[in-house]
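A.B. asks: Heads up: the sequence lines are chains G and H, in that order. All the letters of the first sequence, read from the start, carry residue numbers 1 to 312 under the numbering used here. All the letters of the second sequence, read from the start, carry residue numbers 1 to 280 under the numbering used here.
By construction, these hints were calculated from the structure, which means they are not laboratory data. These numbers come from a predicted model, not from an experiment. Watch out, some of these pointers could steer you wrong.
Said to hold, decoys possible - Which chain H residues face chain G? A few, computed with CB under 8 Å, are given here:
(1) I17
(2) F20
(3) I22
(4) P67
(5) M88
(6) A99
(7) F103
(8) N107
(9) T120
(10) L128
(11) V146
(12) R182
(13) I207
(14) I237
(15) P257
(16) M259
For each residue, glycine too, the CB sits at the ideal point set by N, CA and C.
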Amino acid sequence: MTDIAHSAELSRKPARKRTMPESVFGWLLIGPAMIFIAVIVAWPLAETIRLSFTDASLGGETYVGFANYQELLESRRFNQTVVRTFYWMFLSVALKMVIGLIGATLLNAAVPGRALFRVLVMPPWVIPIAIGMIGWLWLYNGYFGVLSGAMMSLGITDGPFEFLAHKQSAFYSAVVADVWVGTPMVTLFFLAAMQGVPKDLYEAAYVDGASRWYRFRRITIPQIMPVIVSMALLSAIFTFNSFEIIWILTEGGPRGATTTLIVDTYKVAIGNFKFGEGSARAVIIVFLLGVFSLIYLFFLNKVNRYYGSGKS
Amino acid sequence: MMDRYTKLQTAGIYAAIAVFLIFILLPFFEMFMASLRPLEHLFRSPYQFWSDDFSFQAYSDMWVTVPLLGRYILNSVYIASMVTLLTMIFVVPAAYAYARLDFPFKNATLGIFLGVNMFTGAVLLIPLYRVLRTMGLLNTYWAMIVPGVAFLIPTGIWLLRSYLEKIPRELEEAAYVDGASRMYTLRRVVLPLATPGLIVVGVAVFIGAYAQQFLFAITFNQKRELQPLPAGLFEFIGYQDVTWNQMMAAALTGILPVMLIFLFLQKYLVAGLTAGAVKE
Numbered sequence: 001m002t003d004i005a006h007s008a009e010l011s012r013k014p015a016r017k018r019t020m021p022e023s024v025f026g027w028l029l030i031g032p033a034m035i036f037i038a039v040i041v042a043w044p045l046a047e048t049i050r051l052s053f054t055d056a057s058l059g060g061e062t063y064v065g066f067a068n069y070q071e072l073l074e075s076r077r078f079n080q081t082v083v084r085t086f087y088w089m090f091l092s093v094a095l096k097m098v099i100g101l102i103g104a105t106l107l108n109a110a111v112p113g114r115a116l117f118r119v120l121v122m123p124p125w126v127i128p129i130a131i132g133m134i135g136w137l138w139l140y141n142g143y144f145g146v147l148s149g150a151m152m153s154l155g156i157t158d159g160p161f162e163f164l165a166h167k168q169s170a171f172y173s174a175v176v177a178d179v180w181v182g183t184p185m186v187t188l189f190f191l192a193a194m195q196g197v198p199k200d201l202y203e204a205a206y207v208d209g210a211s212r213w214y215r216f217r218r219i220t221i222p223q224i225m226p227v228i229v230s231m232a233l234l235s236a237i238f239t240f241n242s243f244e245i246i247w248i249l250t251e252g253g254p255r256g257a258t259t260t261l262i263v264d265t266y267k268v269a270i271g272n273f274k275f276g277e278g279s280a281r282a283v284i285i286v287f288l289l290g291v292f293s294l295i296y297l298f299f300l301n302k303v304n305r306y307y308g309s310g311k312s
Numbered sequence: 001m002m003d004r005y006t007k008l009q010t011a012g013i014y015a016a017i018a019v020f021l022i023f024i025l026l027p028f029f030e031m032f033m034a035s036l037r038p039l040e041h042l043f044r045s046p047y048q049f050w051s052d053d054f055s056f057q058a059y060s061d062m063w064v065t066v067p068l069l070g071r072y073i074l075n076s077v078y079i080a081s082m083v084t085l086l087t088m089i090f091v092v093p094a095a096y097a098y099a100r101l102d103f104p105f106k107n108a109t110l111g112i113f114l115g116v117n118m119f120t121g122a123v124l125l126i127p128l129y130r131v132l133r134t135m136g137l138l139n140t141y142w143a144m145i146v147p148g149v150a151f152l153i154p155t156g157i158w159l160l161r162s163y164l165e166k167i168p169r170e171l172e173e174a175a176y177v178d179g180a181s182r183m184y185t186l187r188r189v190v191l192p193l194a195t196p197g198l199i200v201v202g203v204a205v206f207i208g209a210y211a212q213q214f215l216f217a218i219t220f221n222q223k224r225e226l227q228p229l230p231a232g233l234f235e236f237i238g239y240q241d242v243t244w245n246q247m248m249a250a251a252l253t254g255i256l257p258v259m260l261i262f263l264f265l266q267k268y269l270v271a272g273l274t275a276g277a278v279k280e
């Protein structure tokens, strides 16, 4: 903007009325959104931190210092929940990345019908998660679901298999459902990134006799690496915070097998009205995600530097 | 040529795509199949892959079993529309500021906005509950609209910003040199040019708003006639005798509005959403 003002001076236009300074105008424009976020996100966040030092419930609240935190850190069950949450996150994100990469590569292949396939991948992202989970509840049903039915007719199991009734299978079933929800977005972004890779890189490699696999490994992957790493972080945050999927499928059961931090927090705070103890859990979630993101961003910087910024 | 595949390779690609699409579409397919089967045949064990008595009966029965179904769908559409409208009112000026202007703490404040993405509503439910209670908004539409807006503003700013950055500056500068005020330039020059981008971001926000209603609805609203579709249906899942065929019919009917919007606009939507990914 300064150069415009400058050129205006040079052409000796008559001095026009002074416009609002850019800094004021900028703040005027972001102000409403800022205030809204402050009231609905920042203030509740501060309030969560305050509540975490109290024993707030429906009755009232008294200051209890670090008691809530101390209790959590000493609780074996809580530590298991933390470990389970990270396992849930790493497993689910890894699967989303791998399946997303494979899916994007397939949809990027020059075969007839690919425009249609690209549309067909999106529905899990478009519809409400809760609705999708009603579908998965049905699939996982031991007596009437297609998965158990298929396993029975293939002779893998003798009787009906209730996917959500056993600790192990419930956990992995929830992972699969979570991957199902998250994969379309990942696929879409990988696909877009792949299409942004300059064609001449492939042509040059092709002329030099590089195989498809070699071109994928040495051109595609490095070129889309920045998108892969940023999608992984976004996915990780979503998966860590993923609530509806687990809540609808299992409500954290059976016997806590699918209870992640967010489900635990919800149960304690909203289910049992223990606002203080719930807030301490919420603060721990924010802390863990914050630390994880910082470590990750540090790593992201290194990757970006290593690969350049993607395109040259 | 480089993009040529042998017949075998083509077959392999199609087979792999088929596996991938089966994973993605199986729940929808099974929901649809379940909605077509009469209830007594739905509960047949062992599982039958095919039955000969498909009917659309459930699609008319569901309005009786779930008397508020129409209301739920309308609520969902209404809440999502209000969320979209309010979000856009906040997002448009902010996105323009981040795309074009230079002001103190620009990067810091953008970082704060994006940081909001780190918290889903679930972390902030407890104080949000109290805030909404103090404001007297519990058990109203606003209890589901207000938090929804807050969590969509960051995404909206991010998407629209990358769109606005692609609009050439020259027109704005011309208007500016001619003595137009900043606000006038924004309203009469930038917004008309940005209409396609506004539509894409609006649709993305609408889809997000339609999708995220469940948590806020089950936590902040107890009034059955205000529930959006996912929360309304979820209530029935807990019942002793779930009429699954009607449940599936209702679920599929309920996602029609958002699926139709998506299908009509998917080309623009996909391009708009991923613009940021390609640029970098």
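A.B. asks: When the nearest CB of chain G is found for I22 (chain H), is that gap smaller than 8 Å?
C.D. replies: It is violated, given that the least Cβ distance between I22 (chain H) and chain G is near 11 Å, above 8 Å.
A.B. asks: A closest beta-carbon separation below 8 Å is what the hint needs, so does I17 (chain H) meet it against chain G?
C.D. replies: holds, 5 Å
A.B. asks: Double-check M88 (chain H) for me: the hint is only fine if its C-beta lies closer than 8 Å to a C-beta in chain G.
C.D. replies: Violated. Min distance 11 Å.
A.B. asks: Does F103 (chain H) pass the interface check with chain G, least Cβ-Cβ distance below 8 Å?
C.D. replies: holds, 3 Å
A.B. asks: Is the hint on T120 (chain H) kept, meaning its closest Cβ partner in chain G is under 8 Å away?
C.D. replies: holds, 4 Å
A.B. asks: Can the hint on R182 (chain H) be confirmed by a CB-to-CB distance to chain G that is less than 8 Å?
C.D. replies: holds, 5 Å
A.B. asks: Have a go at the P67 (chain H) hint: is there a Cβ in chain G nearer than 8 Å to its own Cβ?
C.D. replies: Check failed: Cβ of P67 (chain H) comes no nearer than 19 Å to chain G, outside 8 Å.
A.B. asks: Return the status of the interface hint for F20 (chain H): holds when the least beta-carbon distance to chain G is below 8 Å, violated otherwise.
C.D. replies: holds, 5 Å
A.B. asks: Less than 8 Å between beta-carbons is the criterion; does L128 (chain H) satisfy it with respect to chain G?
C.D. replies: Hint on L128 (chain H): holds, closest Cβ of chain G at ~5 Å, below 8 Å.
A.B. asks: Just to be careful: measuring from the Cβ of I207 (chain H) to every Cβ in chain G, is the smallest value less than 8 Å?
C.D. replies: I207 (chain H) check passes; min Cβ-Cβ to chain G is 6 Å, inside 8 Å.
A.B. asks: Going by Cβ atoms only, is N107 (chain H) closer than 8 Å to chain G?
C.D. replies: Check failed: Cβ of N107 (chain H) comes no nearer than 12 Å to chain G, outside 8 Å.
A.B. asks: If you take the shortest Cβ to Cβ gap from V146 (chain H) to chain G, is it below 8 Å?
C.D. replies: Since the shortest Cβ distance to chain G is 6 Å, the answer is holds.
Taken one by one, the earlier hints fail for this structure at numbers 3, 4, 5, 6, 8, 15, listed in ascending order.
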